[in-house]
Structures are given as structure tokens and as C-alpha cells.
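Asks: Here is how the chains run, residue by residue.
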Amino acid sequence: MKNILTVSHLDLKIPDRLLFSDLNFSFPKNQLTCITGENGVGKTTLIKHILQDLEHKHEQHVQSTIDRSKIQYVPQLRNIDDDYPLCIRDFVSFGLKKRLLPWNSKKMKTKVEHILAETKLTHIASHPLGHASGGEKQRAYLAQALCADPELLILDEATASLDTDSKNFLLKLLKNIMHENNLTVLFITHDPELIEKYSDYELNLHNQTATLSKKEAVN
Amino acid sequence: MLEYNFMRYAFIAGIFIALICAFMGVFVVARQTSFFTHTLSEIGFSGASFGVFAGISPLLGMLLFTCTSGLLIGLSGEKVGRREASISVFSGLFLGLGILFLSLSEKQSNYATSILFGSIVGIDKANLMTLVLLSIVLLVIVALLFRPLAFNSFDAQGAEYNQRFNQLISITFLILLALTISITAQIVGSLLIFVLLTIPAQAAKYFVHSLNKMISLTFIFVLVGVWLGLYLSFLTDWPVSFFITVIEALLYGSAISKQKITTAHN
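Heads up: the sequence lines are chains C and B, in that order.
The working numbering applies: residue 1 is where the first sequence begins, and numbers increase by one.
The working numbering applies: residue 1001 is where the second sequence begins, and numbers increase by one.
If you're looking for bench data, these hints aren't it; they were derived computationally from the structure.
Be careful, since some hints might not be right.
Examples of chain C residues toward chain B, derived with CB under 7 Å [what the hints assert, rightly or not]: (1) S8; (2) Y73; (3) D82; (4) P85; (5) F94; (6) P102.
All C-beta atoms in this analysis are idealised placements derived from N, C-alpha and C, irrespective of residue type, glycine included.
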């Protein structure tokens, strides 16, 4: 089994306390790893720190087999209120990379339509994102990230505000997309049901350390 | 009406003002910097009177003040520019400073005050050329920055982690905004440019939902406002700025009503 990203001997402090000491773990490639732990243990802080190290090419504690541009991070909070005017198609297209010209090429348009279909958003693609439901919004965030052709996708509490049906729908979709595109997914979550059903691995953060364990995902 | 030179210039200027306001306005609204835009026009007034006081040109004073504040806001994060308290502080402080510089310079400067309430019918050929040049510069820079700027403006949180150079993009945008306000304020007054940079784009987002259409509709709203305003002003001899402001306010009112009616029907 190959690893996509390895963390070694990482200490992480925030101003008033030590979050982690001497962290050592790897994320397996092409697997869905759930990152779990109590509220406030520092799940998001750890991920953001790893991203920052990669951005600034500090390779002392974080070694990655892929370039930072191949990693997409979907943040937990987004400023999308009911009045948000832009349609889902345009919002998703922000993920497209590597083009200077303001308009999209035919190929890019086809790609966006393909991803919209993959994330089951085609029928509402012209509606404003502000009017979409919680599950649809999360799918739009996912679709936007997919437009950047990531190899590693990090979802931060993507299901926190969703009902059971939407949660399962999103995760099933994610698993399909993973297998089709050879994606590796890190999923920060609290949800025991989802961890049980969908995760291949679990990275549990507790007592300033991390333990990686294999899970037998049903799906 | 079009046999007068100044009317022809005003009508042509309308096209370029509409272009500038369409491309900048959509982003001003998306970034929620309408209030900062308003503050910038007061900062501009202050800068112009400083220019008069210091003996440099008012335009130079204005550019100096607006670009510096754009840079500072960009460096300290745009959230600061959205805070109610900081808006009141800046707006009051700079108006006060403007009055101070005017009184210190001991000149009865119509120039500085006319920046607040300039008029589009007073413009000459040189003004028109400045507008055309400004539009070209702005359009080229916005076109080059379009993708990252749109991502950063419409989805700040997403862009923060998945796009580089966000702060540089924000600062560039704020400086472009400062440039726009300083230069256009000389020609049509900063009150009018504030109206045209914010209201049409606010209204457009209730009617259409794609970025291209928002820009196009904003362009149409500005152009209709300016041209119709010029025509009505020609007929009645009332100030153009008044008519333009009323037309834009009506457009915004119709957008809100449309929104209310559609929500009521759902």
C-alpha cells in the first residue's frame, strides 16, 4: 500500500497550549481516511498546518508525494447566505485552473457539465447557490474542488449540518467519484455512522497523539 | 439635443462609465465593499483638498489618499473595511480633514467641493480621453485578473485555501477601485460614481445569476440611467445627477419588488 502524505515528528502549538507532540502517521493513497477526535482536539488546525507546510515547502515534518496544487481543501464554513446570487454552474467553475483568459474553453465547459452530472447538480445548475439545500450546497463545494483535478481531497465536516439521507447520498457519491478518479479523500467528521459505513481508515486524534487504524468499509 | 458638443461628450462618456461600473461594480457588490466605496469618495474629497493645500494638484492628492487607504485596508484584511465602526470613523475623520485642509489653504476652492457633486454635462474632450484611457487600463487589468478575482470575490473561503496570491488580488482590486473613484470623481462627481458603482450591480443580481449576465445587465442599467438621465435633464433643466440617482434607485426598487413577488409565489 502506498502513502500519499506522511507526517513525522510534528509538534503543533497554538498560543495557549500544545495541541500535538511528536505526531507520526501516513495517509494511505486512494483510500478514504476519516479524521476523528473530540471537539477542540485540533483536527482542522492540524490539517491547515499541514497545508501551510506544503505551501511553503517546509518538508521537515510533512512529506507529500504530490504537489500542493493537486490538493483541494473544502472548508467547513462558507459565507453563502440565502441572497447569494451566483448560479451553481458558475460557482463550480471557480475550481477550474490554469487558464488566463476570462472565458471558458469548450473543453472546460464540457468538463464542468460532466462534474455537475457526476455530483447530481445538472437539474439545478442555473439556480442561484443561495437557494440550494444544505446537501446541494455541499455537493456544489465538492464539484468545485473536483474541477481542479485534485489527487487529494480534504473535506472538513462536510456533513455536519445534513440529515441522514443527504449525508449518505453525499458519501456514496464521494466513494463513486473516488474510485473513478483515483482520488484520495481525507474526511474530518464526528459521525460514527459514516465512519462505520464508509471509511477505509480512521485517524483518531487524542491526547496530543494520533492513531491510524484500518476499517472495513461496507460500501 | 445631440447638436451640442457637451451633450455628445456626455452621451459617449456614459458608455465608458457604464463599462467601468459594470466590471468593477459586480465585484464591489460581491465583496461587500459598497460602504468602503462610499468612504473612498470622502477620502478622495479629503485628498483633493490636501492637494489644494499642499500645492500639488487635487487629482494627485486624491490618488495619494485613496490608493493609500486602499492599500491599508487590503493589508489589514477587507473585513476591517466592512465594520460599521471603522466606516464611521474613517468617513468622519476624512471629511473633517478635508474641511481642515480647505480652510488652511485659505482658498475658496470650488474644485475640491465640486469633486463631491461634479456633473457629467460639464465634461470636455480631454475628460473624455481620460475616461477612455482609464476604461482601457481597468479592462485590461480586470481581464488578466478575472478568474482569481472572481473566485476570491464570490467565494472568499474557498479561494483562501485553493488559490494563491489572494491578498495581492484583493489589494490590486482595492487600488483599481481607488483609481476609478479618483479619476471619475473629477469628471462626474464622487456621489454619482458611488451610486453607479453600487446600485446597478446590486439590482442586477436579483434578475440574473451568471457572472457574464450580471456584468452585461449592470452595463445596461448604468447606460440606461445615464442616457435617460441626460435626456430628462435636457428637457427639464434639473441636475443630471438627480435623475440618474432616481433612475438607479427605481431599478433597484423594481429588483426588490420582483424578489418579493417571486418569494411570495413559492
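Asks: Against chain B, with CB atoms and a cut of 7 Å, does the hint on Y73 (chain C) hold up?
Replies: holds (4 Å)
Asks: Hint check: is the beta carbon of P85 (chain C) less than 7 Å from a beta carbon of chain B?
Replies: Holds - the Cβ of P85 (chain C) comes within 7 Å of chain B, reaching about 4 Å at its closest.
Asks: Taking the least C-beta to C-beta distance, is P102 (chain C) closer than 7 Å to chain B?
Replies: holds (4 Å)
Asks: Can we keep the S8 (chain C) interface hint, with Cβ of chain B closer than 7 Å?
Replies: Since chain B brings no Cβ nearer than about 23 Å to S8 (chain C), farther than 7 Å, the hint is violated.
Asks: Hint F94 (chain C) vs chain B: min CB-CB distance below 7 Å?
Replies: holds (4 Å)
Asks: With a cut-off of 7 Å on the beta carbons, see whether D82 (chain C) makes it to chain B.
Replies: violated (10 Å)
Checked against the numbered hints listed earlier, the structure breaks hints 1, 3; every other hint is satisfied.
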